[in-house]
Amino acid sequence: MGGQRAQVIDEQQDRAAPPGAPVPAGPPPELVFKRRLRPLQVAHELWAARELVRALAERDLRARYKQAVLGFAWAVLTPLALCAIFTLVFHRAVKIETGAAPYTLFAYVGLIVWQFFSNTMNQGALSLANNLSLLNKVYCPREVFPLATMLVATVDMVIGIGVLGLMFLVFWTAPAATFLWALPLLAIQFAFTYGIALILSVAVVYLRDVRHLLPIITQMGVFATPVAYPLAKIPQRLQEIYVGINPLGAVIEGYRKALLYGDAPDARMTLIAAASSLVFLVGGYLVFKKLETGIADVA
Amino acid sequence: MSRDYPLGTIRTEQVWKRFRADQQRMLLRDRVDQMARRLRGDRGEDWRWALRDINLHIEPGESVGLIGSNGSGKSTLLKMLTRVMYPYAGVIDVRGRIGALIEIRAGIHPDLTGRENIYLFGALLGLKRREVAGRFDDIVEFARLGGAIDRQVKFYSSGMQMRLGFAVAAYLEPHVLLVDEVLAVGDAVFQQRCLDRMREVAEQGTTIVFVSHDLPAVQSICRRGVWLEQGTVRVDAGIKDALAGYRDSIEAQSEASARVGEPLQLLKYEVRGEDGDATTLHTDEPVTVELTLGGDYRGDATLHLGVSEGTSSPIFQISHEIRMTGGDHRVACVIPRLPLPRGRYTLWTGVYSIGRTDGGTLMSWHSAGQFDVFGPMLDTPPRAVVMAAPVFVPHQWED
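Chain order of the listed sequences is A and B.
Those letters in the first sequence? Residues 1 to 299, by the UniProt record's numbering.
Those letters in the second sequence? Residues 1 to 399, by the UniProt record's numbering.
Source of the hints: derived by calculation from the structure; they are not laboratory data.
Built from N, CA and C at the ideal position, the CB exists for glycine as well.
If we take Cβ atoms under 7 Å as the criterion, some of the chain A residues that face chain B in the derived model are:
1) V23
2) P27
3) E51
Covered by chain B, per the in silico footprint, the following chain A stretches (three or more residues, Cβ under 8 Å):
4) 57-65
5) 132-141
Label-pair restraints from in silico Cβ distances:
6) I161(A) x E203(B): 46 to 56 Å
7) W172(A) x G146(B): 53 to 63 Å
8) E285(B) x V298(A): 54 to 64 Å
9) L207(A) x D241(B): 40 to 50 Å
10) R35(A) x Q253(B): 35 to 45 Å
11) T178(A) x S157(B): 52 to 62 Å
12) Q219(A) x I250(B): 51 to 61 Å
13) R223(B) x K34(A): 27 to 37 Å
14) I161(A) x A36(B): 44 to 54 Å
15) A21(B) x V94(A): 50 to 60 Å
16) A21(B) x K34(A): 16 to 26 Å
17) E141(B) x W172(A): 54 to 64 Å
18) V391(B) x K34(A): 53 to 63 Å
Model the full structure from these sequences, guided by the hints.
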């Protein structure tokens, strides 16, 4: 390698390219570009882009509510409406048993998680495609775009949690003392959601069809995830596999236990969910970084 | 293993880039099709090299103009230097903060105000919030936005939108500044300000890579020129030599598309100086242009003669009435004091029948060839002037 560098320096002295110098037919195979990821460098770059994440999230929030008369109220109205429907259908008609907790609270906890996931997924999946004109001109670590949409969804979630607080007042109960268990569950929720958003965002750039899959995933997901019903409705022997595929099931169940029933989340299920979401996050990140290099070519 | 080059260095070593040349759509069924074909061992891919074996070494503080015709790979190379695009093979190393002077109008969010957009761009370009705040007034001043800054961007004129994005980029303080076709942005006054800003930045020691088809602008900013042709570096030399080579090739191409079947042809031309030698054309001295026309046409016609630098607009034009008699016709024009400074020029001719402004083309306006003039260099223009003044004026100073 050293010898090659020295040669480079020599060339610099007489830099006029020899006119008509023969160009080889193809590049030497050992020079073909390969994406190499250095975790430290990647982390550093992402940290350096934190202001950008904030600015992008701020842009989306401002733009979203600038035109809407009701503004931030929309962040609350959607889950509340769903919650009302669920209460009518699943509580009154189907008669789901929720034990000591009021069904409305039970469903709302699930809806907050689901709303966060589906917001991030739907917006995050389009986050690269909607910003292609920028991606073609400005360099920044591309994973900030899905990350910013997750930040927006987080703001909505915080508002939703505020409403949850009010609902505790309305139903005249208090969150159980075990509510701190929610924090590790939150980490699982974020990891899984971001992993999915990463994969989908880059998939949409390469395959436009994926865009049309999103509403289907959203519609099916809200029923395939224990939002309106408890995790126990899923047959016992399938629960572990289920949680491995959809960690949100264990996350929602865990929140309910911690907030409504005063129990610790099921350790086994939580660990499976944690492992699964880590796989989604790391796998999604690697897929994203691998495909990211070609975005400017196909866009 | 990697050497530490100083900030502002750009190196590319054996850089190759290719694009798909086959028809390719981004639909799922095409992918399925493609996968099926791949299973049968037929990749069905067709690639075209956009850049081949690019080796460039640019020192900190150098200003380099990238020139070449459309599709020669200039913008692709610039995108790879910005790190927006990745090479197929090779090493690209750009040291220090990279600033790209680009138009980010498409990224402007129409519902946000100008102020909000400026902060957003700043973040995109890697600036901290307080860094943007520190330059905020300069940016607004540069974009000439004034009171409109707190208005939503969708109510801006398109010119204002362009200037907004551009102004933020102009006030980065990068080690390397990459500029792609800025001169398409905004009106003449704004273009001038952009070029001034680039010169200012260059004087502060920033490395500049400038892509443009506006050759005089490139010449006024850059010291070194890299001429790309069909994805390879054709010439990498001083800006004058690179531009001269590029201009020559444009000439050669337009001459190649020769006009056939017109009533008159230019059989021969000669541009000669005082002692009858083409190599001794001197500024402010007599020059004779001699043309020989041939063709079947009989009658009166107007012969036009022009001189330009490169392919841009003519420096001067003169005309003369001639009478064609069906055979060869020789005509000479004497210019007693040639007003051209040192450089390479193009001679243009055309013949049109008299009394008709259209359809009377006997020999269409085309470049006949080039000639060199020896003489004094023009005095360097003041900093703000973009175009090199094309004419030599005999003059005397008195104090």
